[in-house]
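Chain order of the listed sequences is L and P.
Quick note: the first sequence, position 17, residue 17 per our numbering, numbers continuous.
Quick note: the second sequence, position 108, residue 108 per our numbering, numbers continuous.
Keep in mind the hints are simulated off the structure, nothing from the lab.
Keep in mind that the hints are not guaranteed to be accurate.
In silico lysine-lysine, BS3-like type, Cα no more than 30 Å apart, as pairs [claimed, not checked]:
(1) Lys9/P <-> Lys57/P
(2) Lys99/L <-> Lys71/P
(3) Lys42/L <-> Lys83/P
(4) Lys68/L <-> Lys71/P
Given next are the chains, with one letter for each unit.
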Amino acid sequence: KQEVTQIPAALSVPEGENLVLNCSFTDSAIYNLQWFRQDPGKGLTSLLLIQSSQREQTSGRLNASLDKSSGRSTLYIAASQPGDSATYLCAVRPNNDYKLSFGAGTTVTVRA
Amino acid sequence: DGGITQSPKYLFRKEGQNVTLSCEQNLNHDAMYWYRQDPGQGLRLIYYSQIVNDFQKGDIAEGYSVSREKKESFPLTVTSAQKNPTAFYLCASNLGEYQPQHFGDGTRLSIL
Chain L
1 KQEVTQIPAA LSVPEGENLV LNCSFTDSAI YNLQWFRQDP GKGLTSLLLI
51 QSSQREQTSG RLNASLDKSS GRSTLYIAAS QPGDSATYLC AVRPNNDYKL
101 SFGAGTTVTV RA
Chain P
1 DGGITQSPKY LFRKEGQNVT LSCEQNLNHD AMYWYRQDPG QGLRLIYYSQ
51 IVNDFQKGDI AEGYSVSREK KESFPLTVTS AQKNPTAFYL CASNLGEYQP
101 QHFGDGTRLS IL
């Protein structure tokens, strides 16, 4: 059974600092990995999706890397802003199933 | 604008009562999903449907039921058999089983 872990559960940084969010998974036989953002009391917004054949994906200030063999993905957010404060979740899809396995998320606070 | 609409935003259930959560999408997506989110945990899949009139149990289907009579709609009923229904419920959809999932804004269910 795929286990997805996100450590730390929460972090607080001053505005302007770069954010590094970690996601680890136990089974490397994945089809893709997705990063989501969740604001309090809201649904999930997809940020980046990395296919298993890719090493990284970029969108604006966001960059996600994938090391499938070591079971890790990292989401980098450059020059953080207070508006980046949210919970960030990662989810992996296995090769042989379309059900996602989610991490519990990392709650980020960016201090002005 | 295309999207997923969940209603109501807040719902209260009395003991012994069944309640139904609504999920409607106008994205013309074939697949729809119901997830449960508890504090400090990742999303867990309750039910999913790949096509109209067909649905499958997820990891925590006990105490829940669904129907898929129309492509746009996938209502979830929380029955009295679900002894711990207090949670945040999220509906999602995607165009195909390997496409990114899009989420609604959720329904928060509490016990009276």
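Outcome of the hint check:
The suggested pairing of Lys9/P with Lys57/P holds, with an alpha-carbon distance near 24 Å, which does not exceed 30 Å. For the hint pairing Lys99/L with Lys71/P, the CA-to-CA distance comes to about 19 Å; that is within 30 Å, so the pair holds. Between Lys42/L and Lys83/P the CA atoms are separated by roughly 24 Å; this keeps the pair inside 30 Å, and the hint holds. For the given pair, Lys68/L sits about 35 Å from Lys71/P by alpha-carbon distance, which is inconsistent with the 30 Å threshold.
The earlier numbered hint that this structure contradicts is number 4, and it is the only one.
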